[in-house]
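J.: Okay, here's what each chain looks like letter by letter:
There are 2 protein chains.
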Amino acid sequence: MNPSLSETHSAVPTTVNVDLGDRSYPIYIGSGLLDQPHLLQRHVHGRRVLVVTNTTVAPLYLDKVVHALTTENSNVSVESVILPDGEQYKDMDTLMKVFDKAIESRLDRRSTFVALGGGVIGDMCGFAAASFLRGINFIQIPTTVMAQVDSSVGGKTGINHRLGKNLIGAFYQPQCVLIDTDTLNTLPERELASGFAEVIKYGLIRDAEFFEWQEKNMHALMARDPNALAYAIKRSCENKAEVVSLDEKESGLRATLNLGHTFGHAIETGVGYGQWLHGEAVAAGTVMAVDMSYRLGWIDDSIVKRVGDILKQTKLPTSPPETVTMDMFKSVMAVDKKVADGLLRLILLKGPLGNCVFTGDYDRKALDDTLRAFCKS
Amino acid sequence: MNPSLSETHSAVPTTVNVDLGDRSYPIYIGSGLLDQPHLLQRHVHGRRVLVVTNTTVAPLYLDKVVHALTTENSNVSVESVILPDGEQYKDMDTLMKVFDKAIESRLDRRSTFVALGGGVIGDMCGFAAASFLRGINFIQIPTTVMAQVDSSVGGKTGINHRLGKNLIGAFYQPQCVLIDTDTLNTLPERELASGFAEVIKYGLIRDAEFFEWQEKNMHALMARDPNALAYAIKRSCENKAEVVSLDEKESGLRATLNLGHTFGHAIETGVGYGQWLHGEAVAAGTVMAVDMSYRLGWIDDSIVKRVGDILKQTKLPTSPPETVTMDMFKSVMAVDKKVADGLLRLILLKGPLGNCVFTGDYDRKALDDTLRAFCKS
Chain Y
1 MNPSLSETHS AVPTTVNVDL GDRSYPIYIG SGLLDQPHLL QRHVHGRRVL
51 VVTNTTVAPL YLDKVVHALT TENSNVSVES VILPDGEQYK DMDTLMKVFD
101 KAIESRLDRR STFVALGGGV IGDMCGFAAA SFLRGINFIQ IPTTVMAQVD
151 SSVGGKTGIN HRLGKNLIGA FYQPQCVLID TDTLNTLPER ELASGFAEVI
201 KYGLIRDAEF FEWQEKNMHA LMARDPNALA YAIKRSCENK AEVVSLDEKE
251 SGLRATLNLG HTFGHAIETG VGYGQWLHGE AVAAGTVMAV DMSYRLGWID
301 DSIVKRVGDI LKQTKLPTSP PETVTMDMFK SVMAVDKKVA DGLLRLILLK
351 GPLGNCVFTG DYDRKALDDT LRAFCKS
Chain B
1 MNPSLSETHS AVPTTVNVDL GDRSYPIYIG SGLLDQPHLL QRHVHGRRVL
51 VVTNTTVAPL YLDKVVHALT TENSNVSVES VILPDGEQYK DMDTLMKVFD
101 KAIESRLDRR STFVALGGGV IGDMCGFAAA SFLRGINFIQ IPTTVMAQVD
151 SSVGGKTGIN HRLGKNLIGA FYQPQCVLID TDTLNTLPER ELASGFAEVI
201 KYGLIRDAEF FEWQEKNMHA LMARDPNALA YAIKRSCENK AEVVSLDEKE
251 SGLRATLNLG HTFGHAIETG VGYGQWLHGE AVAAGTVMAV DMSYRLGWID
301 DSIVKRVGDI LKQTKLPTSP PETVTMDMFK SVMAVDKKVA DGLLRLILLK
351 GPLGNCVFTG DYDRKALDDT LRAFCKS
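Here the protein sequences come in this chain order: Y and B. Quick note on the UniProt record's numbering: the first sequence kicks off at 1 and runs consecutively. Quick note on the UniProt record's numbering: the second sequence kicks off at 1 and runs consecutively.
There's no promise every hint is true.
[Stated by the list, open to error] Using 16 Å as the maximum straight-line C-alpha spacing, the simulated EDC-like pairs for lysine to aspartate or glutamate come out as follows:
hint: 1; chain 1: Y; residue 1: 312; chain 2: Y; residue 2: 189
hint: 2; chain 1: Y; residue 1: 305; chain 2: Y; residue 2: 212
hint: 3; chain 1: B; residue 1: 97; chain 2: Y; residue 2: 93
hint: 4; chain 1: B; residue 1: 249; chain 2: Y; residue 2: 22
hint: 5; chain 1: B; residue 1: 97; chain 2: B; residue 2: 79
hint: 6; chain 1: Y; residue 1: 376; chain 2: Y; residue 2: 322
hint: 7; chain 1: B; residue 1: 330; chain 2: B; residue 2: 309
hint: 8; chain 1: Y; residue 1: 350; chain 2: Y; residue 2: 300
hint: 9; chain 1: Y; residue 1: 249; chain 2: Y; residue 2: 104
hint: 10; chain 1: Y; residue 1: 305; chain 2: Y; residue 2: 215
hint: 11; chain 1: Y; residue 1: 97; chain 2: B; residue 2: 91
hint: 12; chain 1: Y; residue 1: 97; chain 2: B; residue 2: 93
hint: 13; chain 1: B; residue 1: 97; chain 2: Y; residue 2: 91
hint: 14; chain 1: B; residue 1: 216; chain 2: B; residue 2: 309
hint: 15; chain 1: Y; residue 1: 330; chain 2: B; residue 2: 104
hint: 16; chain 1: B; residue 1: 305; chain 2: B; residue 2: 215
hint: 17; chain 1: Y; residue 1: 350; chain 2: Y; residue 2: 207
hint: 18; chain 1: Y; residue 1: 64; chain 2: Y; residue 2: 182
hint: 19; chain 1: Y; residue 1: 249; chain 2: B; residue 2: 22
hint: 20; chain 1: B; residue 1: 330; chain 2: Y; residue 2: 104
hint: 21; chain 1: B; residue 1: 64; chain 2: B; residue 2: 182
hint: 22; chain 1: B; residue 1: 97; chain 2: B; residue 2: 85
hint: 23; chain 1: Y; residue 1: 216; chain 2: Y; residue 2: 309
hint: 24; chain 1: Y; residue 1: 330; chain 2: Y; residue 2: 368
Bear in mind the hints are in silico, worked out from the structure with no lab data behind them.
In isolation and in its complexed conformation, chain Y is listed as follows:
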């Protein structure tokens, strides 16, 4: 049998649900999903849509998304705003361009924003949706591994402040997340690897079996094997959805998803936004968190070695750049969102593979020793 085009396109996507009561939503995962207009259209209720994307992604997928939104659907008019690409533009000035365009395009409370791009676009578009007219609907269409396995799911939105990452934002959930795995075909190698830092994270903090699978399949992931990618994305989304459902606003458990991120944010801020990709900084930060966990005697050295080995396969950095000093780490970490009443809480591994803690109860000397071991000055 020779399936027609439409039959090919009507393949049923894998769906992972984020369970948050009346704010629950589906994550659709699959190949060719942008060719299934009904998936998007069923989540658009008003008549006006603003697609927020960037200069890299727009030439690749904007037409496809506009087509998916409008085909056989004369009810909807679609505008777009194309932002510059990069973490250095995740700021208030760039966010204002989204508001400007939304107002000029006469979007109203029933309108929908669509985030088309990586984590920066998703975070900014989500925060714009949270704040425009005090909150309108939005949809995530993540096009990077980083966004597909992590940032597009769970409603963390926001922008950077020059003094620290993601310091201004909102918890605000999308109507759906649509992951067309075909979009990874155009992803640069460096971006691909960056996303795997978050995939590895899920294994380390809560899913030892997934980590073991990654150890066996990292070569396939790096080679963009479609089945391996689809599995890694699905399993990552399942982990993320479960954690978010249990602790949407990060009173505790959800913070564990930030393994390596406190060190990583300090690297990103210290070196200058956009110099390192988020996942690159998280990879180096994860090595630092693992090092500190080991110094505290909370994990054995086999875990340290396995983390080093798997990161080697991804070619992600395993230490911060020389330009980031101990003082820079300390000053950025002091304004981290996980500080409470002056005490910095960290996510550290503890026990067998797949276990971690979120705690401010650790020996300060171990933190100092880790910083000293990884900083030249």
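Using the hints provided, position chain B relative to the given structure of chain Y.
T.: Below, chain B without anything else, positioned relative to chain Y:
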């Protein structure tokens, strides 16, 4: 008996509750409440507080508020940020100063913002609290009639965009609202009257008995009779709290609180932010909404006359400035938050005094006729 100072100060405040499940909070109303430190302190949970105020209010009440927060309470450190005064500063640039100060002062997720001032300060501080670290606690200490009877209650926060009022913001509830009626002693006459526009609104849309009370007592309110003011504030807060409890996110009922505001916002935007006080624009806007309701045949002329008469007592304007044209009205009203799928919905009076509707189902000719009647060009 000659009561000691402390006995005077321990007078029990009137409390109105805003009933929103786990986001419920009290509104304390009374004289001398800023001299009762426990009222504020019981709502501060972290160790760091940032008071957001302006250049007019800071010299009058900042020391008093810092004292109330810190007296017999060495646990808390208080910083402040003093913004320029006026609607023209309710913008993103000014909001960023709050974030800058919060980050420099090392505020964390357990910290509290305190809004000390009128509606502009409350709206900006509230939106800053909603967005800082994706949401921290805040307290409202309104010092104008406008803020005490309306804007500090109910969690509408936000800033203006050059193209329209309050287009960027969040629904975000405070921990408490503390209304010390003594702060009205320093309020300029024009600000006093401005607040009465919102008091009159409650009577017109849902509380005919309150409107009748106002007709008899407006002279006392204008003369700042403490008992009359306390009653008007309490009854206004009761009305506001009830509406907000029933419809927090403005899916319907809550919109009725915007009687006169669509016309009013167009005036404020058209004439330039800060030229007219919010209540002045609302007063003129209310007259326009009442005029349109009458043209539609929805109210009889006695209501038109009573609205004109009571506003005359407040000396509030009853028509827009000549500089605001029909075109300006139409272009600003087109981006009003109450537009849905291109249709502008308005709050109009309908039936006996104290009744209104929120609807897009009205004769466009009546709107045009009203605009024509109130605009020179």
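J.: Next, verify each hint and record whether it holds.
T.: Verification of the hints:
1. Y:312 with Y:189: Judged against 16 Å, a Cα distance of about 15 Å means the pair holds.
2. Y:305 with Y:212: Between residue 305 of chain Y and residue 212 of chain Y the Cα gap is close to 13 Å, so the pair holds against 16 Å.
3. B:97 with Y:93: holds, 14 Å
4. B:249 with Y:22: OK: residue 249 of chain B and residue 22 of chain Y at ~14 Å, within 16 Å.
5. B:97 with B:79: Given pair residue 97 of chain B, residue 79 of chain B holds - Cα atoms ~13 Å apart, limit 16 Å.
6. Y:376 with Y:322: holds, 6 Å
7. B:330 with B:309: violated, 28 Å
8. Y:350 with Y:300: holds, 9 Å
9. Y:249 with Y:104: The given pair, whose Cα atoms are some 33 Å apart, is violated under the 16 Å limit.
10. Y:305 with Y:215: Holds, at roughly 12 Å.
11. Y:97 with B:91: holds, 15 Å
12. Y:97 with B:93: holds, 14 Å
13. B:97 with Y:91: holds, 15 Å
14. B:216 with B:309: Between residue 216 of chain B and residue 309 of chain B the Cα gap is close to 12 Å, so the pair holds against 16 Å.
15. Y:330 with B:104: Given pair residue 330 of chain Y, residue 104 of chain B holds - Cα atoms ~14 Å apart, limit 16 Å.
16. B:305 with B:215: holds, 12 Å
17. Y:350 with Y:207: holds, 14 Å
18. Y:64 with Y:182: holds, 12 Å
19. Y:249 with B:22: Distance of about 14 Å is within 16 Å: holds.
20. B:330 with Y:104: holds, 14 Å
21. B:64 with B:182: Measuring from Cα to Cα gives roughly 12 Å; hence the hint holds.
22. B:97 with B:85: Holds. Residue 97 of chain B to residue 85 of chain B sits at ~14 Å (cutoff 16 Å).
23. Y:216 with Y:309: Answer holds: residue 216 of chain Y to residue 309 of chain Y is near 12 Å, not above 16 Å.
24. Y:330 with Y:368: Roughly 10 Å between the alpha carbons, so the hint for residue 330 of chain Y and residue 368 of chain Y holds.
Violated hints, listed in ascending order, are 7, 9; each of the other numbered hints is respected by the structure.
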